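2 protein chains.
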Amino acid sequence: MMDLIRALYPLRTYLVISGVEKPNVMTADWVVPLSFEPPLLGVSISKKRHTYSVIKRVWEFVISVPKVEMLEDVWTAGTKSGRNVNKFEVTSLRTKPSMKVSVPSLEGCVANIECVVEREVETGDHVLFVGRILHVDASSEAFSGELPRNDFPFLLHLGKDVFTTTSGEILRAGG
Amino acid sequence: MMDLIRALYPLRTYLVISGVEKPNVMTADWVVPLSFEPPLLGVSISKKRHTYSVIKRVWEFVISVPKVEMLEDVWTAGTKSGRNVNKFEVTSLRTKPSMKVSVPSLEGCVANIECVVEREVETGDHVLFVGRILHVDASSEAFSGELPRNDFPFLLHLGKDVFTTTSGEILRAGG
Numbered sequence: 006m007m008d009l010i011r012a013l014y015p016l017r018t019y020l021v022i023s024g025v026e027k028p029n030v031m032t033a034d035w036v037v038p039l040s041f042e043p044p045l046l047g048v049s050i051s052k053k054r055h056t057y058s059v060i061k062r063v064w065e066f067v068i069s070v071p072k073v074e075m076l077e078d079v080w081t082a083g084t085k086s087g088r089n090v091n092k093f094e095v096t097s098l099r100t101k102p103s104m105k106v107s108v109p110s111l112e113g114c115v116a117n118i119e120c121v122v123e124r125e126v127e128t129g130d131h132v133l134f135v136g137r138i139l140h141v142d143a144s145s146e147a148f149s150g151e152l153p154r155n156d157f158p159f160l161l162h163l164g165k166d167v168f169t170t171t172s173g174e175i176l177r178a179g180g
Numbered sequence: 006m007m008d009l010i011r012a013l014y015p016l017r018t019y020l021v022i023s024g025v026e027k028p029n030v031m032t033a034d035w036v037v038p039l040s041f042e043p044p045l046l047g048v049s050i051s052k053k054r055h056t057y058s059v060i061k062r063v064w065e066f067v068i069s070v071p072k073v074e075m076l077e078d079v080w081t082a083g084t085k086s087g088r089n090v091n092k093f094e095v096t097s098l099r100t101k102p103s104m105k106v107s108v109p110s111l112e113g114c115v116a117n118i119e120c121v122v123e124r125e126v127e128t129g130d131h132v133l134f135v136g137r138i139l140h141v142d143a144s145s146e147a148f149s150g151e152l153p154r155n156d157f158p159f160l161l162h163l164g165k166d167v168f169t170t171t172s173g174e175i176l177r178a179g180g
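Chains A and B, in that order, give the protein sequences. Using the numbering used here, the letters of the first sequence correspond one by one to residues 6 to 180. Using the numbering used here, the letters of the second sequence correspond one by one to residues 6 to 180.
No lab work stands behind these hints: they were computed from the structure. Note that the coordinates shown come from a computational prediction; the quantities given were computed from them, not determined experimentally. It is possible that part of the hints are untrue.
You can't tell identical chains apart in this list, so a pair holds if it fits in one copy or across any two.
[Said to hold, decoys possible] EDC-like mimics (lysine to aspartate or glutamate), calculated; alpha carbons at most 20 Å apart, straight line:
| hint | residue 1 | residue 2 |
| --- | --- | --- |
| 1 | Lys105 | Glu123 |
| 2 | Lys72 | Glu174 |
| 3 | Lys53 | Glu42 |
| 4 | Lys165 | Glu42 |
| 5 | Lys165 | Asp8 |
| 6 | Lys105 | Asp8 |
| 7 | Lys105 | Glu146 |
| 8 | Lys72 | Asp142 |
| 9 | Lys52 | Glu42 |
| 10 | Lys101 | Glu125 |
Modelling step: build the complete structure from the supplied sequences, incorporating the hints.
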């Protein structure tokens with residue numbers, strides 16, 4: 006029997022960085038744009054997660070867009086808890102200073118999206134943090150002009166330990 | 006200059022069905038799981054949209070997962086307004102009865118996710134409708150056992166009229 010929400014999968018996989026002195030990183034599929042103006046996004050995090058309590062305290066976070074080559078670290082970030090492990094010691098993920106928030110960004114990611122929390126919304130067993138985007142650092146490796154590049158292999162999660170990528174195919178509508 | 010929220014793209018593209026006597030369908034990229042138990046999802050809709058006022062009134066909606074072959078209809082559903090046009094007359098999309106809600110489902114989609122609205126959350130220029138999933142009808146063409154099939158080409162939106170699909174590649178983590 007499939008989890009009901011699995012019908013929305015596969016979903017893009019992102020990394021969420023939280024904390025300042027002791028930064029932490031976790032993997033999250035449940036990330037969504039929420040407004041163009043002001044620019045808002047949402048990240049839905051289980052109340053059991055270490056990241057939940059850190060964001061509650063610091064009220065900032067960064068969403069990073071990983072490369073396929075980072076899959077093993079993405080998996081570790083999603084299956085270990087920052088309560089027990091310093092994930093920056095057990096992965097090759099490295100922080101770098103952000104531009105507009107005190108929470109760090111990630112080196113080697115193709116985008117770092119710096120957010121300050123506007124509000125939190127309780128939804129069942131998760132909390133949706135609504136973040137206002139203060140700054141985006143997007144690499145030309147994955148983004149060109151106004152759009153993501155079709156030929157960059159963005160990472161998607163099918164569930165469990167199974168991931169895939171975007172195909173690179175261009176489908177143009179409205180021809 | 007790229008829209009800040011574009012750094013989260015490409016995103017999966019879904020169809021949102023609203024209304025009962027005069028059903029309407031629109032395209033939405035801003036759809037996200039919000040809870041396993043109870044099963045909740047969110048769909049973020051501009052307050053200017055016809056679908057917004059219809060969901061406000063009926064308090065139910067269905068999220069459908071389209072096939073790549075439906076791209077032209079997906080595009081029409083996202084660029085025409087149900088205020089002016091009956092989209093079921095100008096596309097080949099067809100409704101069928103849902104199991105647990107009065108809003109219809111879509112024929113030919115690989116999943117129909119039937120939801121009743123639990124609450125709405127204002128976020129900037131959009132409103133997030135939080136829906137409780139009452140029933141999911143998922144086709145074995147795209148879902149197998151507990152997971153989506155890696156070899157099914159799920160549709161993703163890069164922006165404007167440009168779309169792509171999942172690649173079918175299997176990336177297994179934690180090996």
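Would you list, in rising numerical order, the hints stated earlier that this structure does not obey? When the structure is compared with the hints, numbers 7, 10 turn out to be violated.
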